[in-house]
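For the sequence shown, this note's numbering assigns the number 1 to the initial residue and increments by one for each residue that follows.
Derived pair list, reagent style DSSO-like, types lysine-lysine, alpha-carbon separation capped at 27 Å: (1) 30 x 20; (2) 132 x 144; (3) 134 x 144.
Ranges between beta-carbon positions, derived for each pair: (4) 148 x 83: 49 to 57 Å; (5) 58 x 6: 13 to 21 Å; (6) 101 x 141: 36 to 44 Å; (7) 141 x 78: 58 to 66 Å; (8) 4 x 87: 22 to 30 Å; (9) 78 x 31: 18 to 26 Å; (10) 29 x 54: 22 to 30 Å; (11) 6 x 74: 19 to 27 Å; (12) 7 x 92: 35 to 43 Å; (13) 58 x 29: 23 to 31 Å.
FYI, nobody ran anything at the bench for these hints, they're computed from the structure. All residues carry an ideal CB built from backbone N, CA and C; glycine is no exception.
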Amino acid sequence: MKVHLRNAIEMVTASWWQTKPSTIAKCFTKAGFVRNTAACNQDTTSNDDDEAIDVDDVWSDLMRNNIVDQDDTSEGFVNDDCDDIVCEQADTDEAIKAAVQDRGDEVSDDDTNEEDRTPELSSRDALDYVSKLKVFCAQNLSEKALQYIIAVED
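Sequences are here, hints too, so could you generate the full structure?
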């Protein structure tokens, strides 16, 4: 189903102008935002201007004004975006189980796990790594990168 942007804006605008303050008050009451429901009920019931609108009449008006196509249905229009993903999907049970199994049996909040620590290197080992890095730079990278490594080595 395709609705042109301008037609959608016009429908939203028309809906907004037809919305009455009592409708909004009833929504807040039903959602539980109003604590004193007795006072609110007096206001909303005394001004009961909300009238039921026949969906078929509205849909025929939309088709007559070429806002929707003749092939479209009101149910399709209402449910068109129900399957659209509008937020991040929650992990499934399988993904959670896999993550827990990868961690193993150890459950700890301590971030100082001995396996995660970087081993301490001797000066000799560090120089060996720098030499290997120099060879890598000479073979794969630019002359400037090689000059930086030589400067580190010195």
